[in-house]
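**Student:** Okay, here's what each chain looks like letter by letter:
Number of protein chains: 2
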Amino acid sequence: MISAYSRLLALGKELQLVNDSAALLGWDQEVLLPSRGIAYRAEQMSWFSGYVHERFTAAEVGEWIAEAEAGLAADDPVAAANCREWRHEYDRSTCLPTKLVQDLAEARVHSQAAWAEARKASDFSRFAPHLQKLVDLSREHAERWGYEDQLYDALIDRFERGATARGLTATLGSLREALVPVVEAATSRPAFDRSGLQGHYPIEKQSAFNREVAEAIGFDFEAGRIDTAVHPFCSGMAPYDTRLTTRYDESDFLSSLFGVLHEAGHGLYEQGLPKEWRGQPAGNSVSLGVHESQSRLWENHVGRSRAFWERWLPRAVHYFPHLAGLTPADLYAAVNQAERSHIRVEADEVTYDLHILLRFEIECAIFSGELAIADIPGEWNRRFESYFGLPVKNDAEGCLQDIHWSMAIFGYFPTYSLGNLNAAHLATSARRLDPAVARAFETADYAPLLAWMRKQIHEAGSLHLPDDLITRAAGSPVTSDALVAHLRERYLGEG
Amino acid sequence: MISAYSRLLALGKELQLVNDSAALLGWDQEVLLPSRGIAYRAEQMSWFSGYVHERFTAAEVGEWIAEAEAGLAADDPVAAANCREWRHEYDRSTCLPTKLVQDLAEARVHSQAAWAEARKASDFSRFAPHLQKLVDLSREHAERWGYEDQLYDALIDRFERGATARGLTATLGSLREALVPVVEAATSRPAFDRSGLQGHYPIEKQSAFNREVAEAIGFDFEAGRIDTAVHPFCSGMAPYDTRLTTRYDESDFLSSLFGVLHEAGHGLYEQGLPKEWRGQPAGNSVSLGVHESQSRLWENHVGRSRAFWERWLPRAVHYFPHLAGLTPADLYAAVNQAERSHIRVEADEVTYDLHILLRFEIECAIFSGELAIADIPGEWNRRFESYFGLPVKNDAEGCLQDIHWSMAIFGYFPTYSLGNLNAAHLATSARRLDPAVARAFETADYAPLLAWMRKQIHEAGSLHLPDDLITRAAGSPVTSDALVAHLRERYLGEG
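These protein sequence lines map, in sequence, to chains A and B.
According to the working numbering, the first sequence is numbered sequentially starting from 1.
According to the working numbering, the second sequence is numbered sequentially starting from 1001.
Some hints here could point you the wrong way.
[Stated by the list, open to error] Going by beta-carbon spacing under 7 Å, a handful of chain B positions derived as facing chain A: (1) Leu1017; (2) Pro1034; (3) Gly1037; (4) Trp1047; (5) Ala1223; (6) Gly1224; (7) Ala1238; (8) Asp1241.
In short, the hints are calculated from the structure, not lab data.
Ideal Cβ positions, reconstructed from N, Cα and C, are used throughout, including at glycine.
Excised from the complex, chain A in its bound form (with noise of 0.2 Å):
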């Protein structure tokens, strides 16, 4: 008789492979799509998800999980990881009532066209009834998955298993106060004469640039390609196809690099994860801020640092004879410029987790119900004016900025601050723990830290939730200190 276990474990491995399967459908959306596809693409995605879902939700699946949850042997943490997230999942799926989901799906959709006009317009009030709909729907879908504390950590758990309000605020309410006086200091100081970097970059040498140091950080170009997009992502597709996307400004070679070296620490991440696992929850990727830690360990720990400039400046003179006259310490101090900004995606490393911290700050407040949809935009401005010490202008640079809201994803901004705090948490105790991953990042020969990553990380898939994952890698929990140090380092030349 064939077991409840191993009729997950074949189940989940079509699925898989159906999921993968829409997950090209999906890249090739962004990517290669002709104009006129689009509609017949969203009818296909619309397909599979149906399909999956319909399958993975069967009563039948039910009685398995519940038969292979019983038969669970004491000594099989592949099988416990499993057990464990086929039944959050499976809960979390039927509990949902059909017309809820499609009415979340619907208002979605009219939300995301409104949130765009509304933003164009600068005007909050035409995007207001929109994402009252989006966050009543929402609280009806926590208050169904349920939750122990706050009704809010039912939803940053899709992004981030186990994570709570509570403990999110503690954690980012600390880094906010360490952050101030650096974000004083760094924004402080004299800017960047860039002068130096101003030139023609022609794509293809960008795009041969870039493959040389994603190949040299360890990306496998036999199971993974770098395409354009508007929109940089990184699409873990198969167990050997994993692809990232980035986009050109040819006055400017740092910006598809530092996109190129970010999406390759999420594909670097994605071609680790333990291939014989997949189709298995195991083998997932565990969360958002995991992942993020992975793009921000590449992109800012490594790309960011003297070491790297040293090795790879020769090389971009190679490419760019226009830069023969600058020195590492001058790329150095060009790609750790801080300004005060308004608008997210363009902050440096330094003022990035203030963006986050006002965000999250503000879900907590609309779904504890303290705040009113209509106050978002004075209770945004009053903030920022605090943190950043701007007033805000209007709402198309305030809290219409985001498309995240108009997209019901509540929950998923904290995850990029998590990011950035397991990205210096991990950096730093790997450096400690480790004499090899030590000298990496003074040699800019990365091997040793990727081999560590790797196992540490990459390796382990989702055997351990995100927090437990980190402290197992770390030796301890994530707190800011690390992070808080690097940017001192950075930023006010200290440590």
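Given chain A, put chain B in place with the hints provided.
**Tutor:** Chain B only, in chain A's frame:
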């Protein structure tokens, strides 16, 4: 109550959507897939074909088809075509035992590898046992599918509904008789001096020129793309997503240009299929012989004409200034050179069909039992020398040159010649029937030609069987007359 016919329409729409998704995966495999991704992609492709097969061959589908047939209204040609094709496909799919299908699939995998090795070693004997197995299994398929006259007919029918060995023997036989003196005369003409064409043709310039030409003949780039692949092909993977591929030789712009004209001909057919019938058999392209008529039309009748080069040489000079000394007559001569050669895929328009005829006659002899597998090389070489006047030095340039037999797609070759015959018959008839089309061929403004094909061929989908479709469009059944007259004009300057 939902009618059986409506159920079939819904099922067809869903399976089309799934097949279209598989088509993107297949396209991606040829164009983009990282090398290590191939094994998993094969698993995905197999899942898709298994899923569609299982859904379509369910017992209830057979009942729906019977019910739809019984309820068919006399004045509904679309429903009639749908029922005709559903019945045909259902019966052919369900009459095969699973084991036979699996045996052939497995034998194909092995025989393709064996063929590649045999060709490399130029030793037919290594491929012979595999070919024997494929022929035996194909024979068993044909017996189960059934036929009226010859077993081989059941194999041809997969690619060309309604075509028979007897009919093709008559058509291709008369073509051969007419061709022999044309080949003789054409290959005796002095060769065109190609030195004026020598030079460097950068890929991006070729790509821009090809795109301009493809757009001018009507290919819709908002509903399609051109990419690069080792094997040029066209995939109509969604109502508004038709993709062509080509390959580039930087010493010869004509190679990629004619590749694009050929594939764009396929693409125009795909883009012109009736979108409101997508997912219904009536909405499909009708056969390979009709598909190939569209590619050959634009490649040969348009692209190799004098008028085409009068219009396009100035644009070619714009992209490739070293062509400035050439005249349209030079290009016309350059693209209409005949030469006796061993390799089909390199053959010119006038000798091409002799290559096909040879393969068709050998396939006929294999499946009639007249020719043993072991005797294929001898028979091939004897016939080749009689048609081309050239000895065959080895199997690699002889009976091992094509991949088709190793894939067990017997009955495929004759559709290439049908394409040539249909293209000439349609081009000649359209010119005769519609003065605007006749002018189009003189002015190289081909909008009326595309409009005629849209109306007569593309928009008919699979309403009519191929022979019927061509006869309705051209006003008479296809014969070899138009093709022979066309080749005499091109190669002997007649008419």
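**Student:** Decide, hint by hint, whether the structure agrees.
**Tutor:** Outcome of the hint check:
1. Leu1017: This interface hint holds because 6 Å falls under the 7 Å limit.
2. Pro1034: Cβ of Pro1034/B sits 5 Å from chain A, so the hint holds.
3. Gly1037: With a closest approach of 4 Å, the Gly1037/B hint holds.
4. Trp1047: Result: holds, 6 Å to nearest chain A Cβ.
5. Ala1223: holds, 4 Å
6. Gly1224: holds, 6 Å
7. Ala1238: holds, 5 Å
8. Asp1241: holds, 4 Å
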